[in-house]
Amino acid sequence: DTGVSQDPRHKITKRGQNVTFRCDPISEHNRLYWYRQTLGQGPEFLTYFQNEAQLEKSRLLSDRFSAERPKGSFSTLEIQRTEQGDSAMYLCASSLVGQAGSGNTIYFGEGSWLTVV
Amino acid sequence: RKEVEQDPGPFNVPEGATVAFNCTYSNSASQSFFWYRQDCRKEPKLLMSVYSSGNEDGRFTAQLNRASQYISLLIRDSKLSDSATYLCVVNGAGTYKYIFGTGTRLKVLA
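First to last, the protein sequences are chains A and B.
With my numbering applied, the first sequence corresponds to residues 416 to 532, in that order.
With my numbering applied, the second sequence corresponds to residues 789 to 898, in that order.
Everything labelled a hint here was simulated from the structure, so no lab data went into it.
Hints are all accurate, no fakes.
Each pair of labels, with its calculated beta carbon distance range:
1) B:Thr-806 <-> A:Ala-468: 40 to 50 Å
2) A:Ala-468 <-> B:Arg-864: 35 to 45 Å
3) A:Glu-459 <-> B:Asp-865: 28 to 38 Å
EDC-like mimics (lysine to aspartate or glutamate), calculated; alpha carbons at most 20 Å apart, straight line:
4) B:Lys-790 <-> A:Glu-459
5) B:Lys-833 <-> A:Asp-422
6) B:Lys-885 <-> A:Glu-471
7) B:Lys-833 <-> A:Glu-459
8) B:Lys-830 <-> A:Asp-501
9) B:Lys-885 <-> A:Asp-439
10) B:Lys-895 <-> B:Asp-870
11) B:Lys-830 <-> A:Glu-459
12) B:Lys-867 <-> B:Asp-827
13) B:Lys-833 <-> B:Asp-845
C-beta atoms are modelled at their ideal positions from N, C-alpha and C, and glycine is treated no differently.
Input sequences plus hints: build the corresponding full structure.
Written as structure tokens, this is what we have:
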């Protein structure tokens, strides 16, 4: 399968613990996005990378959240000192830009479900 | 005002009906527009891009009205399998982030 891959798919953690999610984008996709989605809402933008550079961060991304894409391939999203309000599905998406005919469609992974208890 | 607004529904329609969803966006400089479909507890998947001239893909037709800043999706001959949430997505000028609406829930009834 060459789609966007996310790990873990489900995570239950106690309030105050740290969690890390990993995303492997579609091979050769140079742009990678993180979104958060709660029940009844559309995905909310968190941040995106162009290769290894983090180009934009949402105000939603508090100091407890950090994302990296060290080699321009996979990315990690870490949440420190989790709170119950962090419970959501965390979606990763990727796209290929800069190549003729590639368009600007983003493709999502299956998401990582976080439950903070 | 939200950047992308949709009627959350739900829209309950019988099989075979035609249903239309609208979506408005606030950034007049927005350049790219999409409709995504999302099934319960699944990831969003691209349904179709929306082009200035309007475009059709089988039973689905998308329209863009830049002057009024809205996008529409028309589904003809609804199938049970069309039941899902339809997300309007806008990508703004000067930024490469994609802004999603809250989604419109559709339920097609037998």
